[in-house]
Amino acid sequence: MEPVMFVDPTQSGRRKLTEGERDRLRQGIQAQAQLEGYDQLTELCRIGEPEMASRLAAQHPEWGYEIQFGVVAIADP
24 MEPVMFVDPT QSGRRKLTEG ERDRLRQGIQ AQAQLEGYDQ LTELCRIGEP
74 EMASRLAAQH PEWGYEIQFG VVAIADP
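If you read the sequence shown in the numbering used here, its first letter stands for residue 24, the second for the next number, and so on.
No lab work stands behind these hints: they were computed from the structure.
Wrong hints could be hidden among the right ones.
Unchecked claim - DEER-style ranges, computed between Cβ atoms:
1. F29 / I52: 22 to 32 Å
2. I52 / F92: 27 to 37 Å
3. L48 / D99: 20 to 30 Å
4. R38 / A98: 16 to 26 Å
5. M28 / A54: 26 to 36 Å
6. I52 / D99: 22 to 32 Å
7. P100 / Q55: 19 to 29 Å
8. E66 / D46: 25 to 35 Å
9. V94 / E59: 38 to 48 Å
All C-beta atoms in this analysis are idealised placements derived from N, C-alpha and C, irrespective of residue type, glycine included.
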């Protein structure tokens, strides 16, 4: 939250993000998606669905995981 002295009451909406702030926001969203993907894959493997986990990992290569022998592993780059 910005201090009151930096708020311009004549300007509506939020201030524009800098490029660095946008990059950090994108990285945070990507990291969160990667963690959620890992959780989904491990849960599928845990309940005995490694085939489905393998297909899900293939659909989301940006997560960086693959299924090997029914276990989630970091994919080779």
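Hints versus structure:
no. : hint                   : verdict
1   : F29 / I52: 22 to 32 Å  : holds, 26 Å
2   : I52 / F92: 27 to 37 Å  : holds, 31 Å
3   : L48 / D99: 20 to 30 Å  : holds, 28 Å
4   : R38 / A98: 16 to 26 Å  : violated, 38 Å
5   : M28 / A54: 26 to 36 Å  : holds, 33 Å
6   : I52 / D99: 22 to 32 Å  : holds, 24 Å
7   : P100 / Q55: 19 to 29 Å : holds, 21 Å
8   : E66 / D46: 25 to 35 Å  : holds, 31 Å
9   : V94 / E59: 38 to 48 Å  : violated, 18 Å
Checked against the numbered hints above, the structure violates hints 4 and 9; every other hint is satisfied.
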